[in-house]
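*Asks:* Given next are the chains, with one letter for each unit.
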Amino acid sequence: MLISDLIFETYLAVTANKARSVLTILGIVIGIGSVISMISVGQGAQSSIQSSIQSIGSNLILVMPGAQHEVGPGASLGRGSAETLTLDDADAIQKEISGVSAVAPENSRRYQVTAKGQNTNTQIVGTVPAYTSVRNLDIDEGSFITDEEVKSTARVAVIAPTTSSDLFGDGVDPIGKDIQIKQVDFKIIGLTKSKGGTGFGNQDDMIFIPISTAQRYLSGDNYITTISVQAQDQSSLSSVQQQITDLLLTRHKISNPQNADFSTLNQADIVQTASSVTGTFTILLAAIAGISLVVGGIGIMNMMLTTVTERTKEIGLRKAIGAKAADINLQFLMEATMLTFFGGVIGVILGWIISLAISKFAGIATTVSLFSIILAFGVSATIGIVFGYYPARRASKLNPIEALRYE
Amino acid sequence: MIELRNINKIYISDDVETQVLKNISFKIDKGEFVAITGPSGSGKSTIMHIIGALDSPTNGEYFLDGNDVSKLSDDELADIRRNKIGFVFQAFNLLPRATVLRNVTLPLVYAETVPEKRTEMAKKALLAAGLDENRWYHFSNQLSGGQMQRVAIARALVNNPSIILADEPTGNLDTKTGEIVLDTFQKLNREEGHTIILITHEYEVAKRANRIISIRDGMIVEDRNNF
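Note that the protein sequences, when read in sequence, are chains A and B. Following our numbering, the numbering of the first sequence begins with 63 at its first residue and continues without gaps. Following our numbering, the numbering of the second sequence begins with 4 at its first residue and continues without gaps.
Calculated from the structure, these hints are not laboratory results. Where is the CB? At the ideal position from N, CA and C, for every residue including glycine. A few of these clues could be false.
These stretches of chain A come out as covered by chain B in the derived footprint (C-beta under 8 Å, 3 or more residues) [unchecked claim]:
#, segment
1, 63 to 74
2, 458 to 469
Sample of chain A residues at the chain B side, in silico, Cβ under 10 Å [claimed, not checked]:
#, residue
3, R171
4, R380
5, A385
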């Protein structure tokens, strides 16, 4: 049988009973459409979480005080509650560890901030100039804290856009204005660019001041709350993390790593953990949508079995005029595959529209990837072959004499 | 051209053996017009199935154009049907919702004839079968019984087969239309030299052939010329 004949015969068979073909295709359309849109929701969530994690910096390792694990049973003391890291630790990391491009210690707490009657409670980050490169922070206006200001414990502040509009209102230039943090006067010297982040350490709602100033005027101690370390590249991330752990264990005179009074967190690990969570979430959504695809496939099989019974006499005739079993088999298999193929095409379009609608009306980020489209086509073609196989085989095995006698 | 030698056909169902054909032997030469006749249950349909390569005999030999066809596989039988045999059925068996031309070209689809030649071959066959040209683009279910059977005859002719096998071709037609269809067969045999085998239980129909083979209880009871 020529390919062109096979396609033409299939076209005629599919269009012979249009209403039935359309309803059968609809089953596949719904199945593929829901798989595509559900995967798009899952992958959208995955990429928005990943970009939110990436926005806090690149190749980042966070060192935080506090016990990693308590030995034996008992309540955790709370991460970050202990005061075990000092500026000397940060300097040591900078000097002694290779593969580190920048180190930014911070002393951050939440304080009440007031400016001309307005007040807000926000995160005050006492840090050093390297912070901007470590945390991918850009300056919109003015300048960031300089080394001189750190040395001289200057009372200057760099404000993030959300905090600025909370204190001064939208569109007001905050540079040069005065604010009080914990009743200490500060002059604003810079405004950071919005990062658009939400959740995970929102960097749009912060005030940055020199770390020395924070220690002297605000916290009144020498401890720091986080050391952000930027590794030179992604590949050295885990070796740098290990070197930091070893260095700090030595400096803090702790022999058993289980008793470490600090913890390190590597950005790649955070991304990986988040990805595995969203990956599971995506699979769950796809599996639920997949059920409707299976139901659609059963619809195909049902229709094909009906068709084979209805066309028994025709199959007998085709065999009598010389069709081989393989020809008949191919014709019915092609019919099922064509139904699922069209169902797949329309389903992909429908799924795409649904995912656009979800991101437009529900505000959830969605991503329709090439992978999910290829997957949908593969699955729909496979469904055509799997659920068309049995009916096609049944048709091809018909005895021509009995098929011709069938009424 | 057709030679059956000691053909036996035994059906087994529920451990009961039924011998439908008993030592059938005969020859049909090229260009003959033969009627195989007998009452229902005589075995004439089984003979037709074997000659038409739809079925194989339990034992015995069947030579078609010098080749033994009696022991071929299903796919090889399909090849024989496609290239050497044209069927005409009692119930016409046309594809509904398909034009006359598409019905006639259907065997060419399985013969993998190049598409450009098909319409020409179909038109030639339709002319030979005597169907008016103004019906060629009609759907087959818009035709009368006599016209449908002519389409079926054209379909049997289109691939230029060695034998045309007609199974009760007038069974669903009134006497007058039946006569016209039989005239068509006679004409194809006399003027174009086609070999025609007609299976019928009606003596009036069998009479139109040049040779009549009568079957009863699976055996040939008479084989005579009829001029």
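*Asks:* Are the hints correct? Go through all of them and say.
*Replies:* Structure-based check of each hint:
Taking a C-beta to C-beta cut-off of 8 Å, the segment 63 to 74 of chain A contributes 6 residues in contact with chain B, enough for the three needed, and the coverage statement holds. With 3 residues having a beta carbon nearer than 8 Å to a beta carbon of chain B, the segment 458 to 469 of chain A meets the requirement of three or more and the stated coverage holds. Interface restraint check: A:R171 against chain B, minimum CB-CB distance 82 Å, threshold 10 Å, status violated. The beta carbon of A:R380 is positioned within 10 Å of a beta carbon in chain B (closest approach about 7 Å), and the interface hint is therefore held.
Given the 10 Å rule on beta carbons, the hint for A:A385 holds: about 5 Å separates it from the nearest Cβ of chain B.
Of the numbered hints given earlier, the model fails hint 3 alone.
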